[in-house]
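Use the sequences and the hints to build the structure in full.
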Amino acid sequence: MASAIEALGMTLPGSSSFPAESTEKHDECASIGPVMHNLLAKNILPRQIMTRSAFENALVLTMILGGSTNAVLHLIAIAHSVGIKLGIDDVQNVSDRIPFLADIKPSGKYVMEDIYKLGGIPKILAFLLENKLIDGNNLTITGRTLGENLEEWTHKYGALEFRNQDIIRPLDNPIKSTGHIRILKGNLAPGGAVAKITGKEGLGFVGKARAFDSEDDFVKATQGRTGSHGFCIGHVVPEAQEGGPIALVKDGDIIAVDAVKNTIELRVPEEELERRRAEWKAPPLKVTQGTLYKYTKVVTDASHGCVTDA
Numbered sequence: 002m003a004s005a006i007e008a009l010g011m012t013l014p015g016s017s018s019f020p021a022e023s024t025e026k027h028d029e030c031a032s033i034g035p036v037m038h039n040l041l042a043k044n045i046l047p048r049q050i051m052t053r054s055a056f057e058n059a060l061v062l063t064m065i066l067g068g069s070t071n072a073v074l075h076l077i078a079i080a081h082s083v084g085i086k087l088g089i090d091d092v093q094n095v096s097d098r099i100p101f102l103a104d105i106k107p108s109g110k111y112v113m114e115d116i117y118k119l120g121g122i123p124k125i126l127a128f129l130l131e132n133k134l135i136d137g138n139n140l141t142i143t144g145r146t147l148g149e150n151l152e153e154w155t156h157k158y159g160a161l162e163f164r165n166q167d168i169i170r171p172l173d174n175p176i177k178s179t180g181h182i183r184i185l186k187g188n189l190a191p192g193g194a195v196a197k198i199t200g201k202e203g204l205g206f207v208g209k210a211r212a213f214d215s216e217d218d219f220v221k222a223t224q225g226r227t228g229s230h231g232f233c234i235g236h237v238v239p240e241a242q243e244g245g246p247i248a249l250v251k252d253g254d255i256i257a258v259d260a261v262k263n264t265i266e267l268r269v270p271e272e273e274l275e276r277r278r279a280e281w282k283a284p285p286l287k288v289t290q291g292t293l294y295k296y297t298k299v300v301t302d303a304s305h306g307c308v309t310d311a
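Position one of the sequence shown corresponds to residue 2 (the numbering used here), numbered consecutively onward.
Keep in mind that the hints were calculated from the coordinates and are not lab data. Because the structure is a prediction, the values reported are computed rather than measured. Backbone N, C-alpha and C fix where the C-beta goes; we use that ideal spot for every residue, glycine too. One should not assume that every hint holds.
[Stated by the list, open to error] Distance windows between CB atoms, simulated: (1) A21 - G208: 39 to 45 Å; (2) V300 - P20: 24 to 30 Å; (3) P285 - K43: 51 to 57 Å.
In structure tokens:
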């Protein structure tokens with residue numbers, strides 16, 4: 002997410018790749034005062050920086066780096082906060098045209114510090130701008146455009162090279178020719194689901210379901226979080242609590258995922274699903290008052306960013 006926010010124009014150049022205890026991170030923190038003063042003096046507002054084009058830039062970098070599925074949720078929510086309509090179909094459109102190039106964790110072997118040693122996130126952004134994959138005309142918190150920031154960075158640190166490094170692949174030799182984030186739809190997720198598929202897992206999966214009725218039971222059978230390997234699918238809409246199809250799944254049901262057609266299907270006859278739907282009852286909420294109760298009443302689904310003011 003830090004890299005996506007840098008591509009969005011909301012952090013200083015290099016911020017997302019500077020190690021926490023580096024001299025560069027110290028200097029960045031020390032320099033932020035004048036940056037904030039300039040923003041206030043010129044009345045540069047977040048809405049002027051976070052434009053539709055800026056969100057496209059953030060999504061492009063997310064695909065290039067193999068970033069988290071959290072980026073989908075958060076970028077949709079941030080866009081909503083500045084009055085921009087960004088949805089899961091927009092994410093898929095970017096994923097369809099942008100390759101996966103970075104061999105970094107959690108799916109690869111390198112870490113962000115290796116990108117820092119390579120020249121940082123701005124060097125990758127400059128490469129993307131040179132190849133017309135992002136827009137350099139967007140305003141940033143420096144008061145200058147992204148393109149101007151990247152020109153200065155390239156003047157200092159040079160352009161991205163592919164000799165003697167295999168952290169970032171060239172465009173003609175990607176890890177995956179399209180993005181790793183796939184928006185799946187089908188009878189199990191009519192409102193969409195988000196998958197992270199890097200290519201190592203293949204492009205399809207068919208298997209028997211194991212159904213869980215609580216987070217505690219789920220944690221006992223898994224690592225407790227959306228994984229980094231395999232067919233990792235989350236953000237399923239509508240949710241089970243709302244009576245979504247995922248609430249109707251039983252042990253042994255066949256689920257089929259196609260990461261080329263972007264589908265996720267529950268292979269159960271419709272008449273059987275209708276029978277289960279008629280028998281289904283919403284489980285009681287775990288909270289009945291206070292902040293969490295209010296949250297459950299107003300929060301939107303994951304495909305709309307889980308915002309509370311829609």
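Hint check results:
no., hint, verdict
1, A21 - G208: 39 to 45 Å, "holds, 40 Å"
2, V300 - P20: 24 to 30 Å, "violated, 35 Å"
3, P285 - K43: 51 to 57 Å, "holds, 53 Å"
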